[in-house]
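Student: From first to last, the protein sequence lines are chains A and B.
Each residue of the first sequence is one higher than the one before, counting from 1 in this note's numbering.
Each residue of the second sequence is one higher than the one before, counting from 1001 in this note's numbering.
There could be a bad hint or two in this list.
[Said to hold, decoys possible] The list that follows gives simulated cross-link-like pairs (lysine to aspartate or glutamate, EDC-like), each with its CA atoms no further than 16 Å apart:
hint, chain 1, residue 1, chain 2, residue 2
1, A, 2, A, 74
2, B, 1150, A, 39
3, A, 37, B, 1058
4, B, 1150, A, 34
5, A, 2, A, 39
[Said to hold, decoys possible] Example chain A residues on the side facing chain B (calculated, C-beta under 10 Å, incomplete):
hint, residue
6, 24
7, 40
8, 41
9, 55
10, 58
11, 62
12, 63
13, 65
[Said to hold, decoys possible] Partner residues aside, some chain A positions facing chain B, computed with beta carbon under 8 Å:
hint, residue
14, 26
15, 29
16, 32
17, 42
18, 44
19, 47
These are calculated hints, taken from the structure and not from any lab test.
The beta carbon of each residue, even a glycine, is placed where N, CA and C say it ideally should be.
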Amino acid sequence: MKNKVKVFRAMYDLTQDTLARAVGVTRQTILAIEKGKYDPSLDLAFKISRFFNVRIEDVFEPGASVKNVTLFLEELASEKDADESIK
Amino acid sequence: MKRNAYYLVCGFIAVILVGLFGVSVLLEQPLVISVAVILSAVLYFVLRKSVIDVILDERQMLINMKTSSLTMKIAAVLFLALNLPIAVYAFGPGFGLPPIPHGMGGPFMPTDVLGPMPATRLGTFAVMEIILMIAVLFIYAGIRMYYSKKFGGEDGE
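One chain only, chain A, in its complex shape (with noise of 0.2 Å):
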């Protein structure tokens, strides 16, 4: 999962202590993240998004492309219908 702590960190000119106290971790985990070795849970990925006053997508965003969910309704309907055809 790519993440831009490091860019918001910088923009608030706050050091990785300072961050991994407001959000009550130590500076080895936001060194991870900010590095992309761990991927944080959804209570810390909100609570730094929360910290920084900007949603969690804004910070942080998924590595592998997610599908929609009206895209892969439509994908498994056509499904459907080819195996309909073909019988």
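Use these hints to put chain B onto chain A, whose structure you have.
Tutor: Here is chain B on its own, set in the frame of chain A:
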């Protein structure tokens, strides 16, 4: 209690345990060291709860969980690899198997030594168990280092 004070108390308890082990040997009372180990484990646990300057966040919990899980698996394999041969060695004749003469691919000891386990051999097994325990502690440290590196957390700003 501060974390450093906790480590000092732990070291002190460990020294007392070593002393109690000596007392246990001198008095020939294995119960002394046995009870002391259990009580010190409870004491460690209670003291750990009173440490105030420890931040255990989700990443550390994940590392702890993964490290403990892998260490448990490795320890189980090592434990069985060491103890099953010991059980065979100690109770082999007791399983009702006829003793095979030494040197014919049979037991690794002369048949006259087999039978009731001598006390010194029992002590050797106990020492082997302690060595295994210490090895597991080193394995735990190694695995912990591996997961700490895997989940980042190194270097500074």
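Student: Please go over all the hints and tell whether each is borne out by the structure.
Tutor: Hints, verified against the model:
1. 2(A) x 74(A): violated (28 Å)
2. 1150(B) x 39(A): At roughly 12 Å apart (the allowed maximum being 16 Å), residue 39(A) and residue 1150(B) satisfy the hint.
3. 37(A) x 1058(B): Holds, because 14 Å separates the two Cα atoms, which is no more than 16 Å.
4. 1150(B) x 34(A): It holds: about 14 Å lies between the C-alpha atoms, which stays within 16 Å.
5. 2(A) x 39(A): Holds, because 9 Å separates the two Cα atoms, which is no more than 16 Å.
6. 24: holds (7 Å)
7. 40: holds (7 Å)
8. 41: Status holds, d = 5 Å.
9. 55: violated (21 Å)
10. 58: This interface hint is violated because 21 Å lies over the 10 Å limit.
11. 62: violated (19 Å)
12. 63: violated (15 Å)
13. 65: Violated, because the Cβ-Cβ distance from residue 65(A) to chain B comes to roughly 24 Å (cut-off 10 Å).
14. 26: Cβ of residue 26(A) sits 5 Å from chain B, so the hint holds.
15. 29: holds (4 Å)
16. 32: Holds - the Cβ of residue 32(A) comes within 8 Å of chain B, reaching about 3 Å at its closest.
17. 42: Violated, about 11 Å.
18. 44: holds (6 Å)
19. 47: violated (11 Å)
Consistency note: the structure conflicts with the earlier hints numbered 1, 9, 10, 11, 12, 13, 17, 19.
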